[in-house]
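*Asks:* Under the numbering used here, the residues of the sequence shown are numbered 28 to 271, in order.
It should be emphasised that the hints constitute simulated quantities derived from the structure, not laboratory data.
A virtual CB, placed ideally from N, CA and C, is assigned to each residue, including glycine.
Errors might be hidden in some of the hints.
[Said to hold, decoys possible] Taking lysine-lysine and the BS3-like style, the derived pairs with C-alpha atoms no more than 27 Å apart in a straight line are: (1) K136 <-> K154; (2) K135 <-> K120; (3) K86 <-> K64; (4) K99 <-> K85; (5) K105 <-> K201; (6) K59 <-> K120; (7) K154 <-> K120; (8) K120 <-> K141; (9) K85 <-> K64; (10) K154 <-> K201; (11) K148 <-> K64; (12) K201 <-> K102; (13) K102 <-> K59; (14) K138 <-> K120; (15) K85 <-> K201.
[As the list claims (entries may be wrong)] Distance ranges between label pairs, derived from CB positions: (16) Q57 <-> N83: 21 to 27 Å; (17) P130 <-> E71: 45 to 51 Å; (18) Q57 <-> A101: 28 to 34 Å; (19) E71 <-> T229: 36 to 42 Å.
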Amino acid sequence: MRNLIVFSAALLACIWTTAAFSAPPTSFSQAKRLLEKHIYPSEEYRETFYCGCTYNGKKQVDADSCGYTPRKNAKRGKRIEWEHIVPASRFGKTRACWSEGDPACTTKKGKSYKGRRCCSKVDADFKRMEADLHNLVPAVGELNGDRSNYRMAVITGEDRTYGACDFEIDSSRKVAEPMAETRGDIARIYLYMQTTYGMPLTETEVEMFNNWMAEDPVSEEEQLRDARILEIQGNTNPLISVGF
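Make a model of the complete structure from these sequences and hints.
*Replies:* Right under this line is the structure:
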């Protein structure tokens, strides 16, 4: 696979540490609390990922700070939500708990269920992926909902549906295009998830992500965020801390 970035097991082992006071989250709910308290703890860090809107400690978005205009859901457009850059369905759909369920995934009324709800209950590896702080960012709630589980891609044209926010969605193709300033960040997260958890990527995706990383190199902001995550979760994203 051309330009595929591969990290050795030895390197990955070095990236995981036993940093003092590190307490990796064991659930998505716990991850959200850690993000609020430790990764984005104050005003200087509180900026939405896709649009660059500031938000306050109550998770209220300042739309004037970024020129955001809601497409339809004004209520979700006023708050931040924690977005999985790599959607949970992407790393969950190949797991048995997602497609088949589990004997433990049964309601009090005896009705069985599957999918994300089941995996979050019974699959330790899925819960670790779902709660990985490297894959979680603050996003305007409406964008989080509209992006859904669409893959990242390049969309022809500049149809600004969300005011000044440079984020496009093509529902017919089920793809989303982020602004250029975040593409390298996104690429490094996707490749981190691939390397850390064995999540498959297509050759087309790998080529696109390599291009995005070259066009949008690691920023100081990424490095500082990576360092804060190391303190809590005990590991770094090697594409940020080591380079490529």
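*Asks:* All hints, please: hold or fail.
*Replies:* These are the hints, each one checked on the structure:
no., hint, in the structure
1, K136 <-> K154, "holds, 25 Å"
2, K135 <-> K120, "holds, 25 Å"
3, K86 <-> K64, "holds, 12 Å"
4, K99 <-> K85, "holds, 22 Å"
5, K105 <-> K201, "holds, 24 Å"
6, K59 <-> K120, "holds, 22 Å"
7, K154 <-> K120, "holds, 13 Å"
8, K120 <-> K141, "holds, 10 Å"
9, K85 <-> K64, "holds, 12 Å"
10, K154 <-> K201, "holds, 26 Å"
11, K148 <-> K64, "holds, 25 Å"
12, K201 <-> K102, "holds, 23 Å"
13, K102 <-> K59, "holds, 20 Å"
14, K138 <-> K120, "holds, 21 Å"
15, K85 <-> K201, "violated, 31 Å"
16, Q57 <-> N83: 21 to 27 Å, "holds, 22 Å"
17, P130 <-> E71: 45 to 51 Å, "holds, 48 Å"
18, Q57 <-> A101: 28 to 34 Å, "holds, 30 Å"
19, E71 <-> T229: 36 to 42 Å, "holds, 37 Å"
Comparing the model with each earlier hint shows a violation of hint 15 alone; every other hint is respected.
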